[in-house]
Amino acid sequence: MATKIGIPAGPAAGKPAVSLSKEEVMRYSRHLIMPEVGMAGQLKLKQAKVLCIGTGGLGAPLGLYLAAAGVGRIGLVDFDVVDSTNLQRQVLFGTSDVGRPKIEAAADRLRNLNPDIQIDTFETHLSSENALDILKDYDIVVDGTDNFPTRYLVNDACVLLGKPNVYGSIFRFEGQITIFGYPDGPCYRCLYPEAPPPGLVPSCAEGGVLGVLPGIVGTIQAAETLKLIIGKGDPLVGRLLLFDALGMKFRELKLRKNPECPVCGNHPTVTKLIDYAEFCGIRGEEAPMTATNIPEITPRELKARLDRGDDLYILDVREAHEYQICHIHGNLIPLGELSRRAHELDSSREIVAHCRSGKRSAEAVQFLQKAGFRKIWNLKGGILAWSDEVDPSVPKY
Amino acid sequence: MAVKVIIPTPLRQYAGKQESVHVQAGTVGEALSALTGQFEELKRHLFADDGRLRSFVNVYVNDEDIRYLQKDQTRVKEGDTISIVPSIAGGAQN
Chain B
0 MATKIGIPAG PAAGKPAVSL SKEEVMRYSR HLIMPEVGMA GQLKLKQAKV LCIGTGGLGA
60 PLGLYLAAAG VGRIGLVDFD VVDSTNLQRQ VLFGTSDVGR PKIEAAADRL RNLNPDIQID
120 TFETHLSSEN ALDILKDYDI VVDGTDNFPT RYLVNDACVL LGKPNVYGSI FRFEGQITIF
180 GYPDGPCYRC LYPEAPPPGL VPSCAEGGVL GVLPGIVGTI QAAETLKLII GKGDPLVGRL
240 LLFDALGMKF RELKLRKNPE CPVCGNHPTV TKLIDYAEFC GIRGEEAPMT ATNIPEITPR
300 ELKARLDRGD DLYILDVREA HEYQICHIHG NLIPLGELSR RAHELDSSRE IVAHCRSGKR
360 SAEAVQFLQK AGFRKIWNLK GGILAWSDEV DPSVPKY
Chain D
0 MAVKVIIPTP LRQYAGKQES VHVQAGTVGE ALSALTGQFE ELKRHLFADD GRLRSFVNVY
60 VNDEDIRYLQ KDQTRVKEGD TISIVPSIAG GAQN
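Chains B and D are the protein sequences, given in the same order.
The first sequence begins at 0 in numbering that gives the first Met the number 0 and counts up by one.
The second sequence begins at 0 in numbering that gives the first Met the number 0 and counts up by one.
Please keep in mind that the hints were generated in silico from the structure rather than gathered at the bench.
One should not assume that every hint holds.
Stated by the list, open to error - Subject to a maximum C-alpha distance of 20 Å in a straight line, what follows is the list of computed PhoX-like cross-link-like pairs (lysine-lysine):
| id | chain 1 | residue 1 | chain 2 | residue 2 |
| --- | --- | --- | --- | --- |
| 1 | D | Lys-16 | D | Lys-76 |
| 2 | B | Lys-162 | B | Lys-231 |
| 3 | D | Lys-3 | D | Lys-16 |
| 4 | D | Lys-70 | B | Lys-256 |
| 5 | B | Lys-248 | D | Lys-3 |
| 6 | D | Lys-16 | B | Lys-248 |
| 7 | B | Lys-256 | B | Lys-135 |
| 8 | B | Lys-369 | B | Lys-358 |
| 9 | B | Lys-369 | D | Lys-70 |
| 10 | B | Lys-253 | D | Lys-70 |
| 11 | B | Lys-253 | D | Lys-3 |
Just chain B, same shape as in the assembly:
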């Protein structure tokens, strides 16, 4: 199929001959005794340069297995700080790392695992200004990021620089893995020419994620990266691997290169990096999730009205399992059931809708307004804001 990435070892490549020390031979013996890797493969690994974008859920197993395998140079890009909600899945970090920059904790852990390799750290936001510079010295880029603008940025940068992009993404208990940016293969834009509008596809913080899922997907990304380096096996070029952890099933779909693709097609129109926040429909710092005509009530205002004895109907549009974590005695109708159960609501009463952070309840208010409800408000900031501003005994999650 497509050409394989090979990293020539030895003087023929114009570099000094690379070899393994006695300690390295011992360390990598399980690779060396396999014909698929052998000394030639291990030397390719030693000379390989891989950039890992993101050191979180996907980046954790990725970094660990690439370091373990002896990839000679690993770049890490992350600007974030470790917090306790990360520890459910970001296994590069420990409790003692909470509060530290992820890049430092990650580098320490990987250097401890394998002191013989070079770890480069980039504690920065990847952006159109710095992406080409950061990516250019590496052979392979692995996308372990968590937002659409960065995915499009990484994709475009890899196509422009001619570097393979080992892509993995997750949601709850499903994952997708493929390789973009191969010479005759598709790129991310071939698959998804546009990003979803902000707020339509929930993030992990909103949708949740099974902790092992990025572990599995990130490890598959590591496997694909190693295969590209040693030039063995069938890489996931032109193949979208779909994984469902609950059903424990893998499926595969064919990905084709789009000849009209604006970045990697026959007549590319994107020849330099663009404003990706704008491309993904995010204006300014954050896109407002609520339309401007959604009536809102703050937690303090709500509390004042309840204390006064006002007859308010509190509608909780979260899921049943969230109600079990905490609630403010609302009446539970999950958002997905609202259209079928709206008849349970009395439109003559004043209704305050809430969810966790105010986004789903804003959708609920919009829906009910269209259905003719006039006395309806969205609790601004949701139960999280209620905990912050009114009742700190309500746990946040």
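Based on these hints, arrange chain D on the given structure of chain B.
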């Protein structure tokens, strides 16, 4: 033709929490209409106001992308699987 439509995780809440739905259809377009006929709320997540499939949602018949077949006119046969595959990115709040 009875075909199975696989509902991706982010959309299951709008399809009665089901991971797949069986519909009767002769083409992909008919299958998606049957699906959104059964589950009204799926419509706005799959289709834009002009009735076209949203560009961050891909549809496959078995393992082939319908954009490279006959799009919504792609014929389906008994036992085919239609997959809806939306863009996912995990992680951060947008």
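Check the structure against each numbered hint from earlier and tell me which ones fail, lowest number first.
Per hint list: 1, 7 and 9 violated.
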